[in-house]
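On the provided structure of chain A, position chain B as indicated by the hints.
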Amino acid sequence: MNPSATRTVVIEPVTRVEGHGKVTIQLDEQNRVRQARLHIVEFRGFERFIQGRPFWEVPVLVQRLCGICPVSHHLAAAKAMDRIVGGENLTPTAEKIRRLMHYGQMLQSHALHFFHLCSPDFLFGFDADPAVRNIVGVARKYPDLAVQGVMLRKYGQEIIRATAGKKIHGTGAVPGGVNRNLPVEERDAFLKDLPQMLDWAEGAVRVARDYTMEHLEELAPFGAFDSNHLSLVRPNGEMDLYHGVLRAVDAKGGTIFDGVDYQNYLDYIAEDVQPWSYMKFPFIRSLGPERGWYRVGPLARVNLCDSIPSPKAEAARKEFFRLTGGRPNNMTMTYHWARMIELLHSVEVIEQLLHDADLQGTDLVVRGERRNEAVGLIEAPRGTLFHHYVVNDRDQVVRCNLIVSTTNNNTPMNRAVEDVARRYLDGVQISEGLLNRIEVAIRAYDPCLSCATHALGQMPLVVELVGPNGATLARRVRDSGA
Amino acid sequence: MSETLSFTIDGVAIEARPGQTILQAADDAGIYIPRLCAHKDLVPFGACRVCTVKVNGRPQAACTMPAAKGMVVENNTPELLEHRRRLIEMLFVEGNHYCMFCEKSGNCELQALAYRFGITAPRFPYLFPDRDVDASHPDVLIDRNRCILCARCVRASRDLDRKGVFQFVGRGARKKLWINAETELAGTNAAAEDRAVEVCPVGCLLKKRQGYATPIGRRLYDRRPIGSDIESRRPTPTT
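Taken in sequence, the protein lines are chains A and B.
In terms of the numbering used here, the first sequence opens at residue 1 and continues consecutively.
In terms of the numbering used here, the second sequence opens at residue 1 and continues consecutively.
Excised from the complex, chain A in its bound form (with noise of 0.2 Å):
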C-alpha cells in the first residue's frame, strides 16, 4: 500500500514521570484502521550506565527503574549477584526475608494497579466523565472498596518497610542475602492485621470476578487474541513468584518448553528491534519473531501454573478457569481478575511466611565460589523480568541486558490497542470513548505509561488527525488537570 494514501492518527500524552507513550492509528481510503501502534519513546539507558560501577552497588542501582516495583529489579539484580558472589543458595533465613518482601510488593503493586487505577473504569464506565473516572471519584462514591485499597497497598509498603529498610528503594537484599531479619515485634503487629488484609484480598477477587462476569459481553472480545504465554513457575509447576524454571505454552496450552534453567534464557528467547519504538519485541526463538511474541504477567501466570500453593487463592483459581473450561485465558480483561487471584495469594504467603521462625534467623549472607556472567529472574507484578550482568575480575559491571515486563508484552499490547482502535473508532472522529478504551487496554497489562496512568484524573493527550498529505487534519488537547 503506497503510505501517502493513508491518513494517521496521532494520540501522544505529554511529558509524565512513569513513562511516555504515544499511540498512533493508521487508516486507509476508506478511513478503515490499517494500523495502531504503541510507542515507546522514552529511553532509559540504564544498561549503559551502570556499566564500569561495582556489582553490589547493582541491585540498589537498578531499583531506580521503577518507582512501583522497584522490588522486582532489586530482587531480580540481587538474585543474579548471588551467583556472582557464588551465593545463590541462600539462608533459610535470607531466602524467606526476600519472599516475604517480593510478597509485600506484589500486594502493593497489584492493589495500586487494580484499586487506584483501573478500579475507576470499572466502577464509572469507559464512557464516563474523566473527572469522575479516578480514584477521587472512587472514595467519593465508593468509600470503602477506596480505603480497602489503600491499606491493602498500605501492608504491602509496610512489609517491604520491614525487610527492605524503606517503603521505595529500599537496601534490603545484598549480594549472597540480605541485611536484616524481622524482629518479633515487627512479625507480631503484621499478623494483627492479616485477618483483615486476606478478607479485603477475598473481597477484591470478588470484585473482579463479579465485574468480569456481569460485563463479559463486551470485555471478553475487548482487546482478545490468542497468544503463547510464559512465566516462572516451580518445577512441580505450582506458581511460584520469586523463584522457578521457566515455562511457555501456545494459546491452548500446549507446551513449548518447560522446566527451563533461566540462565539459559537465551537459548530460547531473543529480541526483535522496530524502528519505531525504543522497546523491544522479545520472542521465542523456535516460533521466530513473528509467531514467537508472549504474555507474562497475572493472566500468563495464572494460565500456566498447574495450582497456586494456597488454599483460597488456589480455589479462585479453579474458578477462573470454569469460565475458559480449563484451558488457557486470552481475554485482556481478565488480567485484572487473575490479578486480584494473585494479590490474594500473596497475602497468603505473607500470612505462611510471618508464621515462620526463620524470619528471625540470625544467618544472612552466604559466598562461594566467583562467577563472571549471571542472570537474575523474577516474576515481577506486570510480568517476568529478566536482568542479565557480566561482571569483569575487577568487580565492574562490562555489560548488562534487562528485559523488563512490560517489554515482554509489548507485542500483547500493541495488539490489544490494535484491536481496540478497529473495534471502535468511527470514521475520523478521534472520540472520548475511544481514547478511554485505548487506554483501558494499555492499562490491562500496565499502568506504568503515562499513558496508562489516571491516578488522580485526567491524563494528558495530544491527538492528532494527520491527511495523506501529512497536514494536519483535526488536533485535540486534554490537559492532565485532575
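Some hints here could point you the wrong way.
Stated by the list, open to error - Per the computed footprint, the stretches of chain A lying under chain B, defined by three or more beta-carbons under 8 Å from a beta-carbon of chain B, are:
hint, stretch
1, 123–134
2, 387–398
Unchecked claim - Think about it this way: if two alpha-carbon atoms lie no more than 27 Å apart in a straight line, the pair counts; the simulated BS3-like pairs of lysine-lysine are:
hint, chain 1, residue 1, chain 2, residue 2
3, A, K166, B, K207
4, A, K166, B, K54
5, B, K175, B, K208
6, B, K175, B, K163
7, B, K40, B, K54
8, A, K166, A, K192
Since the hints were derived computationally from the structure, they do not count as laboratory data.
None of the values given here were measured: they were computed from a predicted structure.
Built from N, CA and C at the ideal position, the CB exists for glycine as well.
Just chain B now, kept in the frame of chain A:
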C-alpha cells in the same frame, strides 16, 4: 596539669589547653563546628573551609587556627551558616554525588552535613565532571566521582598507615586524588584495613563487596544528626 587559656565561642567561655586548635577546644567543650577535612586522628589541613569561624571579626579555619587567650570566636551565626551551606552545596555540584544509590549513604559526612543544614537541592548548576573509578585493587575501590579532596586518606596513609599510598595531582579544578606510584591502586601496598580507607568521609575509598551491609535505620546518621556526639558532651547548665 598544664595551664589552660580562656576564650569565647558565641559568648560561651571555653578553656583550651596550649597547642589546641579552636576546633579541638570546641569539641572538648561540646560545641560542634562543622567540618569535613578535619579528623581527630589526623594533623590539621585546612582544605574544605567548612569549619570557618570568625576570630576577632576575621574569617579563619577553626581546624588550623590555634586557640589563644581572649579570642572572641563566632561560630553559629547566620552569616557563617550561610557560608558553610554554600561550601557544602559547591562540593555536591563539583563531583558526582548520587546519594540515592551510594553505599556510603547514611554513613557519609557530606550527606549528613547537607541534612544538618537542611539542604534539599544545591542552588548551583551541576558540573557533572568526568571522573574515573580505580577498581584494580582486589579489596579497595576508588570512586573519584565522590572525592571532595579533603586529603584525609593522604594524611592517614602517610602518618598513620606509614604507607604514603595517596597524593594529589593537578591544580585547581583539575586537581584529583592519585596514587603515589606509577601504577593503579593494585600496584601499591594499600589494604582494606588501612586507616586511609576508614577515614574517607564520603564514598570515594571503599572496602569492596561490603556495601549496604548495615540496614537502613541502623546506619551512623540515620538516628542522630552529624555533630550530635560532640554536642552531647556539653555540660548541662546548672542554675
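A quick look at each hint next to the structure:
1. 123–134: violated (count 0)
2. 387–398: Holds: 3 residues of the stretch 387–398 of chain A have a Cβ under 8 Å from chain B.
3. A:K166 with B:K207: Holds. K166 (chain A) to K207 (chain B) sits at ~24 Å (cutoff 27 Å).
4. A:K166 with B:K54: violated (41 Å)
5. B:K175 with B:K208: With Cα atoms ~25 Å apart, K175 (chain B) and K208 (chain B) stay inside 27 Å; holds.
6. B:K175 with B:K163: This hinted pair holds, its Cα atoms lying about 22 Å apart.
7. B:K40 with B:K54: holds (21 Å)
8. A:K166 with A:K192: holds (21 Å)
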